[in-house]
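From first to last, the protein sequence lines stand for chains A and B. If you count the first sequence from 1, position 72 lands on 892 in our numbering, and the numbers rise without skipping. If you count the second sequence from 1, position 10 lands on 17 in our numbering, and the numbers rise without skipping.
Simulated from the structure, these hints should not be mistaken for lab results. A few of these clues could be false.
As the list claims (entries may be wrong) - EDC-like, lysine to aspartate or glutamate: derived pairs with alpha carbons at most 20 angstroms apart:
{"#": "1", "chain 1": "B", "residue 1": "Lys9", "chain 2": "A", "residue 2": "Glu858"}
{"#": "2", "chain 1": "B", "residue 1": "Lys33", "chain 2": "A", "residue 2": "Glu847"}
{"#": "3", "chain 1": "B", "residue 1": "Lys9", "chain 2": "A", "residue 2": "Glu850"}
{"#": "4", "chain 1": "A", "residue 1": "Lys918", "chain 2": "A", "residue 2": "Glu850"}
{"#": "5", "chain 1": "A", "residue 1": "Lys918", "chain 2": "A", "residue 2": "Glu847"}
{"#": "6", "chain 1": "A", "residue 1": "Lys870", "chain 2": "A", "residue 2": "Glu847"}
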Amino acid sequence: MMTAVMIVIIVLSNAAGDVFITKGMKEIGEVSTLNPRELLRIGLRVITNKSFILGILSLAVSFFSFLAVLSWADMSFIVPATSIFYVVSILGAKFILKEEVSRLRWAGTLLVCLGVALICLP
Amino acid sequence: MKTAIVLIIAVIAQAAGNTCLSKGMKALASTGEGADSLSLSLLVHAMGSPMIWLGTLLLIVFFVFFAVALSWADLSFVLPATSFGYILNVALAHKVLGEPVSSIRWAGTVLIFLGVILVSRSGSAGIEQAHHPAVESTETKA
Numbered sequence: 821m822m823t824a825v826m827i828v829i830i831v832l833s834n835a836a837g838d839v840f841i842t843k844g845m846k847e848i849g850e851v852s853t854l855n856p857r858e859l860l861r862i863g864l865r866v867i868t869n870k871s872f873i874l875g876i877l878s879l880a881v882s883f884f885s886f887l888a889v890l891s892w893a894d895m896s897f898i899v900p901a902t903s904i905f906y907v908v909s910i911l912g913a914k915f916i917l918k919e920e921v922s923r924l925r926w927a928g929t930l931l932v933c934l935g936v937a938l939i940c941l942p
Numbered sequence: 008m009k010t011a012i013v014l015i016i017a018v019i020a021q022a023a024g025n026t027c028l029s030k031g032m033k034a035l036a037s038t039g040e041g042a043d044s045l046s047l048s049l050l051v052h053a054m055g056s057p058m059i060w061l062g063t064l065l066l067i068v069f070f071v072f073f074a075v076a077l078s079w080a081d082l083s084f085v086l087p088a089t090s091f092g093y094i095l096n097v098a099l100a101h102k103v104l105g106e107p108v109s110s111i112r113w114a115g116t117v118l119i120f121l122g123v124i125l126v127s128r129s130g131s132a133g134i135e136q137a138h139h140p141a142v143e144s145t146e147t148k149a
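Whenever a hint applies, use it, and build me the whole structure from the sequences.
Listed below in structure tokens is the structure:
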């Protein structure tokens, strides 16, 4: 039961983290310069962006929950079980970030999700 | 094209980073210094390993490039695309770390590869598709 709760936390915080990071980076705008001073300026704006910070915190929650659950459960079970996060993230991209997700992209994502589940089986 | 270059760098950095971390942590475990559980002493020993620093640095590189790609490309594109890293990870684990790779793992690798090809054919951004109605209409048919 505890493991199931942890899996839900890992999946949701990972997906939320990616969605917030994307939101933050979209607020910053396209990074299309190689000028070091310009990059430094963009970097400063990124690390002070609220969505980005929230994203980092979410990913940290996900990462430490993952480490914690590994202390009692097998990685070969946890990684396939959390691979559903690909699908949850795409749902977040579609409904929160309003991205257009074509059927081709959905099919590809489902294959990736299945593939990740398979490679983590022993 | 820009998206492809940024994501390829991200994926290579991630796979190399994970391999370094794995090598570093396994080396710690073989010296038997508090390696059986996640403990403070393990963390302290990990901080002293150059391999682990290198791995961490590479993962930071991955994250920076991942975030940069997200500044213009869709999350629903970047996320499945970076899962190509899993394939590199399996290959590196096999070659560098000498881990055995079962046929079921290779099957998973093939599925990920197919998935990444499908996603990359969908174009990197929804906005791009909107600019090219022809591309969008072929997709909805597919």
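Okay, the hints, checked on the actual structure:
1. Only pairs whose Cα atoms come within 20 angstroms are accepted, and B/Lys9 paired with A/Glu858 is accepted, the gap being roughly 18 angstroms.
2. Only pairs whose Cα atoms come within 20 angstroms are accepted, and B/Lys33 paired with A/Glu847 is rejected, the gap being roughly 41 angstroms.
3. The hinted pair formed by B/Lys9 and A/Glu850 meets the criterion: a straight-line CA distance of about 11 angstroms does not exceed 20 angstroms.
4. Restraint check for A/Lys918 and A/Glu850: the C-alpha separation of about 18 angstroms stays at or below 20 angstroms, so the hint holds.
5. For the given pair, A/Lys918 sits about 14 angstroms from A/Glu847 by alpha-carbon distance, which is consistent with the 20 angstroms threshold.
6. Distance check on the hinted pair: A/Lys870 and A/Glu847 sit about 10 angstroms apart at the alpha-carbon level, within 20 angstroms; holds.
Of the hints listed earlier, the one the structure fails to meet is number 2.
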